[in-house]
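Take a look at the letters that make up each chain.
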Amino acid sequence: MKIKRRDFLKLSVAAGAAATVGKPALHAFAEEAKKAEVGELPGEWKPSTCQGCTTWCPVEVFVQDGRAVKVRGNRHSKQNDGFVCPRGHLSLQQLYDPDRIKTPMKRTNPKKGRGVDPKFVPISWDEAFNTIADKVMELRKAGEPEKYLLLRGRYTYMRDLLYDATTKIIGSPNNISHSAICAEAENFGAYYTEGMWGYRDYDISNSKYLLVWGCDPVSSNRMIPATIKRLGDVLDNATVAVADPKLNNTAAKAQEWMPLLPGTDGALALAIAHVILAEGLWFKEFVGDFKDGKNLFKVGETVDEAAFEEKETHGVVRWWNIAVKDMTPAKAAEITKVPAEQIERVARGMAKAAPNVAVWMGPGAAMQVRGGYAAMAVNALNGLVGGVDNVGGTLPSNKVPTSKMPKVDAYQDELAKKQAKMKKIDQRGTKAIPALNAGKSGGGVVTNNVPTGILNADPYEIKVAVGYMNNFAFSCSGAERWEKAMEKIPFFVHITTNAAEMTHYADIVLPGAISKYEKLAWVKQKQNRYAQCTLLQPVVKPMWDAINDETEFPWMLGEKLAERGFPNLIDYLKKEFKDPETGKEATNSKEFTEYAVKFYTQEMWNGKDVGGDKINGWAEFRKRGMWNSDPQPYKKRWGGKFGKDEEKDGKVTTTGTVSHKFEFYSETLKKALAGHAEKHKATVDEILEACNYTARGELAFVPHYEPPFRHGDAKEYPFTFIDYKSRLNREGRSQNAPWYYEFKHCDPGDVGHQDSLQINPVDADKLGIKDGDPIRVTSVVASIECVARLWEGVRPGTVAKAFGQGHWAYGRTAAKDYAKGVPRGGNNNTLMPFDIERLSGANVRNGGFTGVKIERI
Amino acid sequence: MPTDTIIRQGDCCKLLAACFYEPEKDLFIQERLCDNLADLLTENRNPGAARAALTMRSHLLATDEETLLVEHAGLFIGPFELAAPPYGSVYLEGKRMLMGDSTMAVRKLYRAAGLAPDVAEAPDHIALELEFMHFLYMGEAEAAAKGDRDEAVAYAATQAHFLLNYLAPWVPQFCNAIRNGTAGGFYSSLADCLEKFIAPLAHRHRMTDATSKTEDPHACGAAV
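These protein sequence lines map, in sequence, to chains E and H. When the letters of the first sequence are read in order and numbered with the working numbering, they come out as residues 1 to 857. When the letters of the second sequence are read in order and numbered with the working numbering, they come out as residues 1 to 224.
Chain E extracted, bound-state conformation:
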């Protein structure tokens, strides 16, 4: 706060003139007409959206006297039925966190590094944006706008404006999202089997068998409150099995828990497939059958492809021949340590329940060094049992009818057009990083490879960077590489709610809104067969002068660039986002935000019939806070619609699978790999070698087992480290909330107020470690300190730890000693080395890729 007026420092009327004292001049106050007393007004439930995880729950916040006090699910939601999970409540402590960024600030100490005090001081918004605009204009004047970098973290769908349009209009190709640290390898598995680069919806209310793989849907993933509400019924009406190296909440309740060794997911999935095929149990209406009805799948034997007639699928026999025939339950049991009898029981149970089966694949099955094929193998099971697009199975999303971002071409000058086409800093599409998003070489982001690009100035150096709602120096494995990279960027702007590890390297810090309570925006998501569009709304007045990162930042920057002779950005924002109702151009950042949200969502409230909820006007949409689609129809892609070809200007483009079927033999991946190999004048085998995969030849095109890759030899680093997500993680943003520590015991095996490494008692006994002992955990790259928790929920030889603690910044509660850079607990991403699943570009955090040793301290 700045002093508003000099007279605030003046003394009041002099003694002796007391008779004319008068009312004091107010400074931080204004007169207020007498209203109801605080506490007397009834309060109101106001709709918004929770972004504590990617469920993106439509919620309602109870607000009384301007204070948010309680959260529940939006009463109109067909996704969460009016409920939220613990994260929903935890967010109140984010909103009212005294450690939040309160004002724009600038670094006064030019030296950057951990333990170096940046000496931030408050500045005005004007000074902040003048400085930022000057830096951007310097790049443009030097003809090098590509050296501008936008690092996007958690987002709303207003992301287009900051992430996409602003970057392109400035003239940089470097709009880098966080997506690859989320679960791109999981999407890879779905795309190269069923042609959908996206997360699946799960119709668990109608499932007769639910196989949860590598996640804990009551804790994380994308339909948490819905699952919390339904899991009890599912356990009554269906069989629930869990494949996860750690006993999670769902596993604790499930009928089957398969604690496979980390990274052996592919073997387990193939063995289940093996049983289903060898015993003739596949769902024939989806997969088809042998022409003469006789099952020819025999252990170890090759089958003639011509003998089988497929229906909705492609390549089941070839898959058997290449990868499945030899993966018997006995063999898989050796690899995975899951008993053969259990594998058989699960496979038969699934087949019996077919097609009402959902295999719920989470990141644990995919975000591995060689996880691309494991993800395909796990998702292939959905095909074998016919659960794809089926009752009780997995579903794609219904369409949410939103407007597309208006084209920026007319607002890009020649320089911007040229430089925005340059190679990106994350090195996507290079020989060893195919990042084959949706079939395209270099089609996907490789978030965690950005430090490689920055540190090596390859393809060039980065001079100006802007980051928002992210903290890659904490949330990416090999986190310290990010610290080094951030140190190297000469000018970094961080828009954030809390001073995170990344903020420590910022030159300018801007206070960002807490999205659930202070931001106007929209997101879309799907659950329980219903897609949703839900608004984030400012349900309370921002605590401080926080801005909407995705809309107000571009607007404010646009104004300043215009002052410097570059009006292109502000022109684009004004002209392309007029109020859809009045046609007016925005005159300030707040108006612009509202017009832009209206622009994107208008079809759901402007009277057009787009299906789903009927909403009469913008005011009603804001009051309801959300729109539900009609239910997703079943079997929508059956009948050869898992892919389609479109011809334009003589060129055929395929969306989805190349065969248009569900692929067990992935023609789609074959085409993508061939395209990437050709680009680099290499063979597919050479590409796979460069990508650290062992497959050669035809194996490259089918879901198969790849032996897990591990950093650290078993002798020196005898334990395999398992990273998992706490049900209190609001991604990486809840660790400054005291409730996070108070309620940490709600994660199975964990203890409140403690950062625990879960160790099997048998192992602990050998090491002489007791429950509660302080320990040091060391990998090939780093050591962290935490506390031993003896627990049978991890098998001997493996240890597990929740991601979340170990901040050395982020606030007084989150960090132990910021000034000295001492973390509270240990960050898993410090311990886990940098690595990526190269075919998808995904950051690696699962699959047993980190070997560790443990010492008592």
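No lab work stands behind these hints: they were computed from the structure. There's no promise every hint is true.
[Said to hold, decoys possible] Derived pair list, reagent style DSSO-like, types lysine-lysine, alpha-carbon separation capped at 30 Å:
hint	chain 1	residue 1	chain 2	residue 2
1	H	K108	E	K541
2	H	K25	E	K111
3	E	K463	H	K146
4	E	K641	E	K404
5	H	K146	E	K46
6	E	K590	E	K407
7	E	K407	E	K679
8	E	K10	H	K146
9	E	K404	E	K590
10	H	K95	E	K2
11	E	K623	H	K108
12	H	K25	E	K4
13	E	K119	H	K25
14	H	K25	E	K816
15	E	K541	H	K95
16	E	K440	E	K820
Fit chain H to the supplied structure of chain E, relying on the hints for placement.
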């Protein structure tokens, strides 16, 4: 208590409030902020607080503005350290969370006085609470000057209630946090000054409460 004394108390509150805003060295010096504070405290028989104000003055003169800004941010704004959160609820409710019930109670008192915060800050920010005290003192002085004894007593009663329940209880902890969060200097002396200013006020009000309804709530005499 004489009206002049009440006004001086009010001005002490105002000047102390000003010290918690972003420091503007030239402005503080030009307006004789520390000297005025010391004079007021001396006249109101609080030599301990007055000495602290003079020490503030020496530090102010000897410290460049950027250093003051960095220290002020580290103590009261962040973004990283926030060594001394300037919010009542953090101390009164012990949850390191803003907008607690105590904050709402403070806002209720503001509203009863016809005031609403007009800055982007929590209502129980130290600068707002001290300015509110200033407002109450000035109200009391004005009522006294007009000869409206009832209104003067009412203002004094609100002061006592506000001070004893919502300000004085967290000032010692807050001041300790300031002293622990800075290596001496202007803000450390400010903490001394604030603490020495509030302690006797609270003491007097408590005594007034205990002896019940004395005619003049400020009448209990000398400073500590």
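Original post:
K25/H and K816/E: Cα distance at most 30 Å?
Top reply: violated (33 Å)
**OP:** Given the hint that K407/E pairs with K679/E, test it: the Cα-Cα distance must not exceed 30 Å.
**Re:** holds (29 Å)
**OP:** Mind checking the alpha carbons of K119/E and K25/H for me, to see if they're no more than 30 Å apart?
**Re:** holds (18 Å)
Original post:
Are the Cα positions of K623/E and K108/H separated by 30 Å at most?
Top reply: OK: K623/E and K108/H at ~28 Å, within 30 Å.
Original post:
Keeping to a limit of 30 Å between CA atoms, is the pair of K25/H and K4/E held or broken?
Top reply: holds (15 Å)
**OP:** Starting from K146/H, check that the Cα of K46/E is at most 30 Å away, please.
**Re:** Between K146/H and K46/E the Cα gap is close to 47 Å, so the pair fails against 30 Å, i.e. violated.
Original post:
Under the criterion that the straight-line Cα-Cα distance not exceed 30 Å, is the pair K95/H, K2/E satisfied?
Top reply: At roughly 27 Å apart (the allowed maximum being 30 Å), K2/E and K95/H satisfy the hint.
Original post:
Hey, K641/E versus K404/E, does the alpha-carbon distance stay inside 30 Å?
Top reply: holds (24 Å)
**OP:** Quickly compare the C-alpha distance for K404/E and K590/E to 30 Å and report which way the hint goes.
**Re:** At roughly 21 Å apart (the allowed maximum being 30 Å), K590/E and K404/E satisfy the hint.
**OP:** Quickly compare the C-alpha distance for K541/E and K95/H to 30 Å and report which way the hint goes.
**Re:** holds (22 Å)
Original post:
Straight-line Cα separation of K108/H and K541/E no greater than 30 Å?
Top reply: This hinted pair holds, its Cα atoms lying about 18 Å apart.
**OP:** Below or equal to 30 Å on CA atoms is what counts here, so check K10/E against K146/H.
**Re:** It holds: about 23 Å lies between the C-alpha atoms, which stays within 30 Å.
Violated hints, in rising order: 3, 5, 14 and 16; the structure is consistent with all others.
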